[in-house]
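**Q** Line order of the protein sequences matches chains A and B. Oh and the first sequence: position 224 is 224 in this note's numbering, straight run, nothing missing. Oh and the second sequence: position 51 is 51 in this note's numbering, straight run, nothing missing.
Calculated directly from the structure, the hints in this document are not laboratory data. Do not rely on the hints blindly, as some may be mistaken.
With a straight-line Cα cutoff of 30 angstroms, these simulated DSS-like cross-link-like pairs (lysine-lysine) come out [said to hold, decoys possible]: (1) K193/A with K51/B; (2) K95/B with K73/B; (3) K95/B with K11/A; (4) K79/A with K101/A; (5) K193/A with K73/B; (6) K151/A with K100/A; (7) K113/B with K294/A; (8) K138/A with K82/A.
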Amino acid sequence: MKARTVKYFFKQSTRSIWRNKVMSLASIGSVMAALLVIGIFLILVLNVDYLATKLESQVEIKVHLMDGLSENIINDINKDIKEIAGVKDSVFLSKDEALKKFNEELGENSYLLEGLEGDNPLSDSFIVTLEDPRLAPKATLAISAMSNIEKVVYGKEELEKLLNITYLLRVGSLVIVGILFLISIFIISNTIKLTVFARRREIGIMKYIGATDWFVRGPFFFEGILLGLIGCIASIIILGAGYYFIANYIKQQMFGLLVISLMPFKEVVYSLVIALIVIGVIIGSLGSMISIRKFLKV
Amino acid sequence: MLIELVNVSKTFSDGHRALSNINIKIDNGEFVFLVGPSGAGKSTLIKLLLKELEADQGTILINDKDVTRMKRKDIPFLRRSIGVVFQDFRLLHEKTVYENVAFAMEVVEAPAKDIRRQVPIVLSLVGLSKKSNLYPSQLSGGEQQRVSLARAMVNGPSILIADEPTGNLDPDTSWEIMRNLSEINHRGTTILMATHAKEIVDAMKKRVIAIEECTIARDDKKGGYGI
Numbered sequence: 001m002k003a004r005t006v007k008y009f010f011k012q013s014t015r016s017i018w019r020n021k022v023m024s025l026a027s028i029g030s031v032m033a034a035l036l037v038i039g040i041f042l043i044l045v046l047n048v049d050y051l052a053t054k055l056e057s058q059v060e061i062k063v064h065l066m067d068g069l070s071e072n073i074i075n076d077i078n079k080d081i082k083e084i085a086g087v088k089d090s091v092f093l094s095k096d097e098a099l100k101k102f103n104e105e106l107g108e109n110s111y112l113l114e115g116l117e118g119d120n121p122l123s124d125s126f127i128v129t130l131e132d133p134r135l136a137p138k139a140t141l142a143i144s145a146m147s148n149i150e151k152v153v154y155g156k157e158e159l160e161k162l163l164n165i166t167y168l169l170r171v172g173s174l175v176i177v178g179i180l181f182l183i184s185i186f187i188i189s190n191t192i193k194l195t196v197f198a199r200r201r202e203i204g205i206m207k208y209i210g211a212t213d214w215f216v217r218g219p220f221f222f223e224g225i226l227l228g229l230i231g232c233i234a235s236i237i238i239l240g241a242g243y244y245f246i247a248n249y250i251k252q253q254m255f256g257l258l259v260i261s262l263m264p265f266k267e268v269v270y271s272l273v274i275a276l277i278v279i280g281v282i283i284g285s286l287g288s289m290i291s292i293r294k295f296l297k298v
Numbered sequence: 001m002l003i004e005l006v007n008v009s010k011t012f013s014d015g016h017r018a019l020s021n022i023n024i025k026i027d028n029g030e031f032v033f034l035v036g037p038s039g040a041g042k043s044t045l046i047k048l049l050l051k052e053l054e055a056d057q058g059t060i061l062i063n064d065k066d067v068t069r070m071k072r073k074d075i076p077f078l079r080r081s082i083g084v085v086f087q088d089f090r091l092l093h094e095k096t097v098y099e100n101v102a103f104a105m106e107v108v109e110a111p112a113k114d115i116r117r118q119v120p121i122v123l124s125l126v127g128l129s130k131k132s133n134l135y136p137s138q139l140s141g142g143e144q145q146r147v148s149l150a151r152a153m154v155n156g157p158s159i160l161i162a163d164e165p166t167g168n169l170d171p172d173t174s175w176e177i178m179r180n181l182s183e184i185n186h187r188g189t190t191i192l193m194a195t196h197a198k199e200i201v202d203a204m205k206k207r208v209i210a211i212e213e214c215t216i217a218r219d220d221k222k223g224g225y226g227i
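With the sequences and hints as input, model every part of the structure.
**A** Printed below as a string of structure tokens:
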């Protein structure tokens, strides 16, 4: 493609965007709205993922042992646990240590445990950490099947809740994003339709003169992509600014209270900008292609 | 042979018959009038040559290329070898005379240097050098048709098709256009002109092909309009 042709496409498309101000604005607005929602969901999904991986790395299985096992048996159990697929580490916690830890955790309320020193109701246990938290149910099952095990516990509910939220968010965002995606494409294709209509005389003349198909289509294609890109830039600015302020606000308000924080701004912006530009360009080009196919009989 | 139609027929999808078994040969440098009543098939014939319509039967050769078998992507290049002017001029009103003519070179991606050289030449050929910065609305009908002639000629086509070029013009202006067409013909361009202008056809003494009821009724070397 010659530089002059690109210039011509650009000039034609910017001119018709300007000429169709109202429809162009509607297209840009709808792309922006779609991308805003897509962006918000993307930020949510990214953050839930971020949170989940943080929490997931903390998921551990507690293996309570039968009372009164010999050291040899305990060592054997430790060895067996470590051999289970997906197990990263297992650490022995004696019942005395467990009571001490419990005591510490209760703090002021530790008087509740008074008198138990002589008759410790807790059991010896292993704290098992995993390579992948999704392996927890399998590992739990495998450990339960071993002998001399009293009970196996893991933070099943919390993890499952989180995994469920992530899943719901993904599905929900896909549906909404899909709908908005289609709406934006429709509005853009309508805008391009107006341009095609406004320039139909010119298009007719171009055909007689011997312009190639792509030369006739070029400006319309450009226009769609331009509309998509402008909407995309607007949404990126809004999202970026919004995220920056919210993340800062949370940091200030909840400092010390929350161990978990939002993803760092820089990481979010990077994935966001790339995703939104790609989606914006796809929306714009699809919208113009539909119109070109339908209304631009070359 | 520049244009050759062999047994060409065209029936529209609604069953309306437009052309039936047409055979025409037009040589390089000829000036040919295409006459006949409205609806006889003149426009259909022109559209077949430009591959705006597809023939149902027969072969159409232009510059030894088989138009009927031409691929879609080659159509623009066929049209670059054929200049076309219409009854209604079809100029772009927001462009000046110069820009309207230059536009024809821009859409075929001619180099800017060639555009700057070629446009003034064709404008002087049709006598509009002094009006190159005016808009079509500031010109008379005859002048507008000359702009469209210049636009049709600027890429140097070997054939010029004129579909009732004088249909909207008064007799005097019509003759100006005919002088321009003769000049273009003398410079070597083949001209095929569909027309209803009896006086012009009779006075020019050129080849006349008459189409009546979808077939060729007459093909005279130096004919008149007929009845």
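**Q** Which of the numbered hints are not met once you compare them with the structure shown?
**A** Hint check: 7 fails alone, others pass.
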